[in-house]
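Residue numbers (our numbering), protein chains in the order written: chain A, 1 to 626; chain B, 627 to 880; chain C, 881 to 979.
It should be emphasised that the hints constitute simulated quantities derived from the structure, not laboratory data.
Worth double-checking, as some hints may not be accurate.
[To be verified] Here are a few chain C residues that face chain B, going by a calculated C-beta distance under 8 Å: (1) P883; (2) L889; (3) I914; (4) A921; (5) I931; (6) A941; (7) F942; (8) F943; (9) V944; (10) A950; (11) I954; (12) I958; (13) D973; (14) A974; (15) L977; (16) Y979.
[What the hints assert, rightly or not] Covered by chain B, per the in silico footprint, the following chain C stretches (three or more residues, Cβ under 8 Å): (17) 897 to 903; (18) 906 to 913; (19) 922 to 928; (20) 960 to 972.
In this text, a Cβ means the ideal position worked out from N, Cα and C, and glycines have one as well.
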Amino acid sequence: MDSPLWPLIAVPLASAAVLLLLGRRADRWGHLLGCASVGASFVLGLVYFLRLRGLPADGRAIEESVFTFIPVEELKVDFGLLLDPLSGVFVLLITGVGFLIHVYAVGYMAHDEGRRRFFGYFNLFVAAMLLLVLGNNYVMVYLGWEGVGLASYLLISFWFTRPSAATAGKKAFIMNRVGDAAFVLAIFLMFAHARSVDFGTVFASVESMSSGVTLAIGLLLLLGACGKSGQVPLQAWLPDAMEGPTPVSALIHAATMVTAGVYLIARSNPIFDANANAQAAVVAVGAVTLVFGAIIGCAKDDIKRVLAWSTVSQIGYMFLGVGLGGAAYALAIIHLLAHGFFKAGLFLGAGSVMHGMNDEVNIRRFGGLWRHLPITWATFGIAWLAIIGLPPLSGFFSKEPIIAEAFQREGWAGWVIGTAALLGAGVTAFYMTRLFVLTFHGPKRWAEDVHPHESPPVMTAPLVLLALGSAAAGGLMATSVPDWLNPVFGGEAEPAGHGVLGHTTVTILSIVVTVLGAGLGWLLFRRGTAAQERPAGPVVTAARKNLYGDAFNEAVFEAPGKYLTRALVYFDNKGIDGLVNGLAAMVGGGSGRLRRVQTGYVRSYALSMLGGALLVAMAFIAVRLG
Amino acid sequence: MDAILAAGAVGTGEAVTFWILAPLAVIGALAMVVARNAVHSALWLVLVMLCLGVFYIVQSGPFLGLAQIIVYTGAIMMLFLFVLMLVGRDASDSLIEVLRGQRLAAALLGIGFVGLAGTMTYRALGPTVAAGLTQANAGGNVQGIAGVLFTNYVFAFEATSALLIAAAVGAMLLAHIERGKDDKVGQLERVRARFAPGSYPGPKAGPGVYATSSSVATPGRLPDGGPSERTVPSILPRRELTEAEIAPKGTDER
Amino acid sequence: MQPGHYIVLAAVLFSIGAVGVLVRRNAIVLFMCIELMLNAANLALVTFSRINGTLDGQIMAFFVMVVAAAEVVIGLAIIMSIFRTRRSASVDDANLLKY
Chain A
1 MDSPLWPLIA
11 VPLASAAVLL
21 LLGRRADRWG
31 HLLGCASVGA
41 SFVLGLVYFL
51 RLRGLPADGR
61 AIEESVFTFI
71 PVEELKVDFG
81 LLLDPLSGVF
91 VLLITGVGFL
101 IHVYAVGYMA
111 HDEGRRRFFG
121 YFNLFVAAML
131 LLVLGNNYVM
141 VYLGWEGVGL
151 ASYLLISFWF
161 TRPSAATAGK
171 KAFIMNRVGD
181 AAFVLAIFLM
191 FAHARSVDFG
201 TVFASVESMS
211 SGVTLAIGLL
221 LLLGACGKSG
231 QVPLQAWLPD
241 AMEGPTPVSA
251 LIHAATMVTA
261 GVYLIARSNP
271 IFDANANAQA
281 AVVAVGAVTL
291 VFGAIIGCAK
301 DDIKRVLAWS
311 TVSQIGYMFL
321 GVGLGGAAYA
331 LAIIHLLAHG
341 FFKAGLFLGA
351 GSVMHGMNDE
361 VNIRRFGGLW
371 RHLPITWATF
381 GIAWLAIIGL
391 PPLSGFFSKE
401 PIIAEAFQRE
411 GWAGWVIGTA
421 ALLGAGVTAF
431 YMTRLFVLTF
441 HGPKRWAEDV
451 HPHESPPVMT
461 APLVLLALGS
471 AAAGGLMATS
481 VPDWLNPVFG
491 GEAEPAGHGV
501 LGHTTVTILS
511 IVVTVLGAGL
521 GWLLFRRGTA
531 AQERPAGPVV
541 TAARKNLYGD
551 AFNEAVFEAP
561 GKYLTRALVY
571 FDNKGIDGLV
581 NGLAAMVGGG
591 SGRLRRVQTG
601 YVRSYALSML
611 GGALLVAMAF
621 IAVRLG
Chain B
627 MDAILAAGAV
637 GTGEAVTFWI
647 LAPLAVIGAL
657 AMVVARNAVH
667 SALWLVLVML
677 CLGVFYIVQS
687 GPFLGLAQII
697 VYTGAIMMLF
707 LFVLMLVGRD
717 ASDSLIEVLR
727 GQRLAAALLG
737 IGFVGLAGTM
747 TYRALGPTVA
757 AGLTQANAGG
767 NVQGIAGVLF
777 TNYVFAFEAT
787 SALLIAAAVG
797 AMLLAHIERG
807 KDDKVGQLER
817 VRARFAPGSY
827 PGPKAGPGVY
837 ATSSSVATPG
847 RLPDGGPSER
857 TVPSILPRRE
867 LTEAEIAPKG
877 TDER
Chain C
881 MQPGHYIVLA
891 AVLFSIGAVG
901 VLVRRNAIVL
911 FMCIELMLNA
921 ANLALVTFSR
931 INGTLDGQIM
941 AFFVMVVAAA
951 EVVIGLAIIM
961 SIFRTRRSAS
971 VDDANLLKY
């Protein structure tokens, strides 16, 4: 290797260390260092990407081992990095979009005295995410996995003095932990059967694994991915994670960390390809989640929470894609990349609105902002059009193919999944339009003391760039990315239309559904909405309560957990403390009784002396004569 | 229990002496332990020591036996009696035992010890042949003892003599009653105390003066005819005098 | 009979003295029981001297006597001074070390 890969990770990591260790001394220039380090990583990543492009298609990988991480005999794990087409696009996404969001955060967090600490954590996140996508074995991926989990926790509860923020951070971390445990179990299984955790070795030995093993590994990896990506059943933490500052929501909970699950499944495609049931599970999770998220997104009034549920739903599309397999792998990655652009744009736009509206988040108190925040309106609008999938913006080129792939499935599965995806698209269009219209159009509903104003250039410049990406990236990617990713996913040619519906039909249907949903949204909300939440029917009430997801978690996990805790505390107090205290009491009681031997009378002492002398004599005689 | 032969064997005279005096010694020891009166205990111990002295003489140790009788019994036991008379006469043990189970445990342990030591030593001595002291006493017992004492054990001898001196000095110190300077009563104070109201200036009368009997326990009589308690020592037990004792003995008639 | 009988007699006297030490409360009688134990040991020593045919046992008995004498002197002096201060010659009165 002429130049190594590890600086990609080391630069943001070193910057994070400097920012966090230097403390207040770095307050004046900390944010600049933070942006610069991610910028440097982006430049490095671009250089390597171009170098990768220069390599022949079948050898398109740069691999290096920095040092031996675990040098135990059979379990020899290297700190190894692999830059191949899949990790290359991820590196560009993370560093590129990450850089833009870092710049935005300079302005957004300008009045926050913890800004330097924020950038320290942010850089830590970038370093960990890069390690996740660059690792060449599952343990390295897990190392990055844990790192992003930590950074997410630190950033969600950034304003830790707020109880809701601290609780949200905890919730995110604990639910992530469930997924992490599943991931670790998958690694154990892999090691047990393949005697290695290296990508190459594991994938090579997939053929020799029984279907039970591949199913188990697949399901465990799926559960891990659900935890990190906020899919059903581990979705409840993602909306609560909106307690963190908006740049955090944009980078971590929209563009990058939540896509780590998709990356994991995409990277492990040989395992999933080997077991149809595992793939079916992924498809089921994706389909259920995309509908789930879409329904809830319709009933939320907090601008960031709507976007959060939208993220849940869109990642459902990505899971659907990687679950369908074959050509859909690349489609899911394309959607992931496009989603990174427009979701980041949407979140940063929301942050801009909040910045101008005194940190108000309730869309019922927005309205008619397009005059006051023109740049935000324009960029948000482009991102909105992208997410609902209107051609020729990027969302169309990423989402529609997935829906088409869904309908390529044969039999009832194709109908069910395809319809669900289509429906999801329509509902997505509806609630995103609702959000857009209620925020920027219609009569103004805000209070008198609020003076909406546009954000400073340091915040609007990234918005513009992201909007450009949302508009253009789709077309560019759809043509080049599938071929680019061939070495990773295998170049299966698409079987010629054996599905239930053909491509063209699906495309037309999806455009129609999208327009219908958007139109409905515009019609219902162009005149604004009530200032307060009004009681509504069962579906809306359920949607407001997150489709009882939190209630379910509380009843099934939290309440028994509390009982378990109480039982253990009781056991500890009575049993273990009882044992220890009982021992002490026994000693005390015993000594209390034993002290009565000390009568104080010389004659009783003489008695014991004579007894002792007798024993000694007996022992002596026993030895000599016995 | 094989027969022990040759010079050290027990002759008939010795056997007879043993079987008479040994039970006597045991009875004396038991009596010493159970006697209520402390002086009686001392006297029983004297009996035991005399028996032991005889045993020493019988076993070819005349010097030691006589030393036992003269020194141990004669001096040490008399010392005991002196001290008993001084301080211990009143203090007779009560029958009630304060410590629970002390007597039972003591008896058991005593029997156990005797059983153990006695039977084991007797068994151990079974095959031993007693050599007897005829050869050692060839020049006489005293000469033999002197020969061993002042050669092999001369250092122990010197040490014990130092011990005796230390004991004598220590006893003097312990028995010394320290009288403080203030306690010293001068002649003037003594006279004043003697003639103070409430104290009788005359010498104490001895017992039996002006009395009708010659018993030391008879209280002397005061001029008015009543008995004087001060004339009888307090340690003597009080008892009612019989008619015969009160009656004049007629000793003043020639 | 054999010289071994003397040893048994010595053991009996010794244990009687030991029991006496445990049972009697008068300090001076206690002391006399200790003297009995010493005498029993002397008897055993003299008997062993006769069995072994050397005079060493008698010498040891002699030394025991000397030491016993010194011990009696001091012991009685101590008892007397205790009696003077406490007006009691019972060993049960020294029980301040009780629990």
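Quiz item: Hints broken by the structure, by number, lowest first?
Solution: Of the numbered hints, 3, 4, 9, 13, 14, 15, 16 do not hold.
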